[in-house]
Amino acid sequence: GDKRLLTPHPVPSSSVSISIVQAAAAQVPWGQAVPASWAGSCWHRQPCRSQGGKFGVCRGIEYNLVRVPMASTDFSVRLYTYADAEDDFELRHFNLTEEDTRMKIPILQAAQVVAKRPLSLYASPWTSPVWMKTNGAMTGRGTLKGIPGDKYHQAWAKYFIRFLDEYAKHNLTFWAVTAGNEPTAGEIVFYPFQCLGFSPEHQRDFIARDLGPALANSSHRHVQLIILDDQRVMLPYWAEVVLKDPVASSYISGIGIHWYLDFLAPIDLTLSITHHLFPDYFLLSTEASTGSYFWEPRVVLGGWERGSKYSHSILTNLNNYVTGWTDWNLALDMEGGPNWSKNYVDSPVIVDSSKDIFYKQPMFYHLGHFRFHPRGLAHSAFLRPDGAVVLVVLNRSPMDVSFGVSDPRVGSIEAVAPGDSIQTFLWTQPA
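For the sequence shown, UniProt numbering begins at 1 and goes up steadily by one.
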């Protein structure tokens, strides 16, 4: 960032002017998911393990939010849940797998050791066991059998509690859980990987009758509950259906959004409206990745545009009441996997296992510009508890852009944002 002192001269009228004001909205952390694919592509390799802190969930760019899948996802090498024994409604055979005990749990424990800030973990399930589902399969169109309040929904709610119980045995406690990853995916015929369908009405009633009470009556009553965890195009409708119910809403803290259909959903007509309708519930970006559209190449080594896309998403989200942002995969292989369904994508870190090396992509360095952002304040400029102000400036155009920064407590500076650049400005306000 620019270390020049702000001086009390006016910002030229010909430049873009950025005025710094103190924000007041509460903010939750930002970070990345840790699916089993991360371990499969990298963690077991010594060069990556010894340098894990440099690109992992903490030391290098100081992630403090980690999304933990509950059992398998498409970024697994096999399909499984924690309760695959048929009709095990009491979950007597519930157990973590080696993907947890040998991969995800050691990664999270190692991250906690080197983290400069406490890590906030949140969990998301992709599917229930197949014996609970209407289609008897982990993929394709299917939802829970029965109706909210019955033995299937009670067992599924208990599944969340057992997951939290088992991770707690490894000294890993969770900040939040989502009610399920992309519930609309389970409404799609022939959907190609793990999913569990819910309509907003079904999710509302499941939370009111099953999941909400299960959390509230457990030792994990502090764990916050996030709804939707799906495309923002579903807002504000999804939030209106779920949060206008007084019973369901009493158990809910926030709304999770994915970015894949953002081009269909103007941010002011989705996130901003949702915030104004339900200001007491936080908005959290829970998944994003590049190279996911069928017309795109999966992995693009050194692709600056993909890093710029990340920064643009973070900044526009923060400026529209979103309080945190989560990338999808921490690291992937050269193909964009492992992924059992071949749903390959790009990642901030790419591992070449044949050479035991990894590449930090432009996405990694773009994400690094947000490491100065503290918990406690939101938007594009942040006032940290230590009195420092952080401003991130992204220029996506190929042309240089002159601009000024004005802080009424310090003064102003003139600056230039080079074409296709991202900058961080950091200064201290007087006590």
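Derived by calculation from the structure, the hints in this document are not laboratory data. None of these values were measured; they are calculated from a predicted model. From the three backbone atoms N, C-alpha and C, an ideal C-beta is built for every residue, glycine too. Treat the hints with care, as some may be off.
As the list claims (entries may be wrong) - The list that follows gives simulated cross-link-like pairs (lysine-lysine, PhoX-like), each with its CA atoms no further than 25 Å apart:
{"hint": "1", "residue 1": "K342", "residue 2": "K360"}
{"hint": "2", "residue 1": "K360", "residue 2": "K116"}
{"hint": "3", "residue 1": "K309", "residue 2": "K360"}
{"hint": "4", "residue 1": "K145", "residue 2": "K158"}
{"hint": "5", "residue 1": "K158", "residue 2": "K169"}
{"hint": "6", "residue 1": "K116", "residue 2": "K158"}
{"hint": "7", "residue 1": "K342", "residue 2": "K355"}
{"hint": "8", "residue 1": "K309", "residue 2": "K355"}
Said to hold, decoys possible - Label pairs and their calculated CB-CB ranges:
{"hint": "9", "residue 1": "P297", "residue 2": "G419", "range": "20 to 28 Å"}
{"hint": "10", "residue 1": "P408", "residue 2": "T134", "range": "57 to 65 Å"}
{"hint": "11", "residue 1": "D88", "residue 2": "S341", "range": "21 to 29 Å"}
{"hint": "12", "residue 1": "L277", "residue 2": "Y365", "range": "32 to 40 Å"}
{"hint": "13", "residue 1": "D400", "residue 2": "Y237", "range": "17 to 25 Å"}
{"hint": "14", "residue 1": "L261", "residue 2": "Q423", "range": "43 to 51 Å"}
Hints, one by one, checked against the model:
1. K342 x K360: With Cα atoms ~23 Å apart, K342 and K360 stay inside 25 Å; holds.
2. K360 x K116: Judged against 25 Å, a Cα distance of about 21 Å means the pair holds.
3. K309 x K360: holds (16 Å)
4. K145 x K158: Answer holds: K145 to K158 is near 15 Å, not above 25 Å.
5. K158 x K169: holds (17 Å)
6. K116 x K158: The hint is violated at about 34 Å.
7. K342 x K355: Cα-Cα ~23 Å, so holds.
8. K309 x K355: violated (29 Å)
9. P297 x G419: 20 to 28 Å: Distance hint for P297, G419 holds at roughly 23 Å.
10. P408 x T134: 57 to 65 Å: Since P408 and T134 have Cβ atoms about 60 Å apart, the given range 57 to 65 Å holds.
11. D88 x S341: 21 to 29 Å: 26 Å Cβ-Cβ, so the 21 to 29 Å window holds.
12. L277 x Y365: 32 to 40 Å: holds (36 Å)
13. D400 x Y237: 17 to 25 Å: violated (42 Å)
14. L261 x Q423: 43 to 51 Å: Given about 30 Å between the Cβ atoms, the range is violated.
Hints 6, 8, 13 and 14, counting from the list given before, are not met by this structure.
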